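Residue numbers (my numbering), protein chains in the order written: chain S, 1 to 101; chain U, 1 to 145; chain D, 1 to 139.
In case anyone wonders, no lab produced these hints; they're calculated from the structure.
Keep in mind that this is a model prediction, so the values were computed, not measured.
The beta carbon of each residue, even a glycine, is placed where N, CA and C say it ideally should be.
Please note that the accuracy of each hint is not assured.
[Claimed, not checked] Partial list, derived from the structure: chain U residues whose beta carbon lies under 8 Å from chain D: (1) Arg43; (2) Thr140; (3) Leu143.
[Said to hold, decoys possible] Once the Cα atoms are required to be at most 27 Å apart in a straight line, the calculated DSSO-like pairs of lysine-lysine come out as: (4) Lys126/D - Lys63/S; (5) Lys42/S - Lys126/D; (6) Lys45/U - Lys63/S; (7) Lys88/S - Lys74/S; (8) Lys132/D - Lys74/S; (9) Lys74/S - Lys52/D; (10) Lys74/S - Lys139/U; (11) Lys74/S - Lys63/S; (12) Lys126/D - Lys88/S; (13) Lys63/S - Lys52/D; (14) Lys139/U - Lys126/D; (15) Lys126/D - Lys45/U; (16) Lys42/S - Lys88/S; (17) Lys45/U - Lys52/D; (18) Lys52/D - Lys88/S; (19) Lys88/S - Lys132/D; (20) Lys132/D - Lys42/S; (21) Lys45/U - Lys132/D; (22) Lys63/S - Lys42/S; (23) Lys42/S - Lys74/S; (24) Lys126/D - Lys52/D.
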Amino acid sequence: MQISAIGNISGLTQSLPIQGAQAAPQSPAVGFGNLLQDMVGKVSELQNNADQSIQSLATGQGKGLHEVMLAVEKASISFQMLTQVRNKAVEAYQEIMRMPV
Amino acid sequence: MDFFSAMDISASALTAERTRMNLISSNLANANSTRTAEGGPYRRKDAVFTATPAPAPGSFGAALGKAAQARGVEVSQIAEDQNPPRLQYEPSHPDADPQGYVAYPNVNVVEEMADMISASRSYEANVTAAQAAKSMALKTLELMR
Amino acid sequence: MPVQGIFGTTVELLGKSLDLRAKRHALISSNLANVETPGYTPSELSFEGQLKSALNQGGKGASASHPRHIPIKGASGSLQRVEGDVVDLGNARSGPDGNGVELEAEMGRMAENQIMYNATVQILGKKFEGLKQAIRGTL
């Protein structure tokens, strides 16, 4: 068993295009932290988009109901994904901490 | 509770239209009645609609100021048509007057049919409005689920 | 802890627009009820412009007049003041009895209002669901 197998967590960052090129040389913890931060930024942006489209719907401008529905769904789904990613990361961390050295 | 005042308005319209339908039916049924209890031929009846302020839900004052803009409808009076009756020459009829003319009611059947169509169209429109109010109120309840 | 802060301007806006759409429905209902009344002028509630300017006022909304008052965040102050205007539609297409209500136009407006109301309720529900999910920490 090789302890360096823990380094394979960086494969997770490579599957998502955000951190693609930089994931490999960095240590797993920092890479994943940046990934999460990026995700949070994107989710926040999507939420703001959704809020903007809701406001434009309420004031009678904008492209209409479908624009709002799409924006709201995107924001909601990306938020759910972020939550799940965070939960899994926390779970994995706790799993690792539980391992007897 | 704004939907309940909207439903009251629609209900007032349904009542008014139903009254009008009753009058139309009575006119059609009596289109040939030459004799009535009051004497003389049947006289065509018409409903007079007026807009009313919607019933204020609860306290007056500020509430009245806003609710009064949404107005229901009521039948303020049932007017008898003042046009003279239609005279027809029929000397053998038991109700013929000394010159041989019978006074028939001044009911125009075609006009009554057109009124009936218009009344049922308004009735349907108000039923749709009441259903819309109900559906919106029920949808709001979903927020609490 | 300022609990009011977790509901942003959007929830406030959605709530206010529900309010206004309910009032609009009452006016449309009364137009429909009076479709046969002689001399009746239809009216409608116009609020989109007022909502827009209330939102644009945003940061300059209400401010605390006393240091111990909790300031109203963002546009909520000016949003709460939006009431909508009752506008007379005029009797341009009135018949001989002076009634200006166009049945088809009113039905169309009622359908649009109902759909927008239902959509607003759903979006509001979704917002609350998202908040609940964040609090719960999981789906």
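Notebook entry, point to check: So which hints don't hold here, by number, going up?
Noted result: 1, 6, 15, 17, 18 and 21
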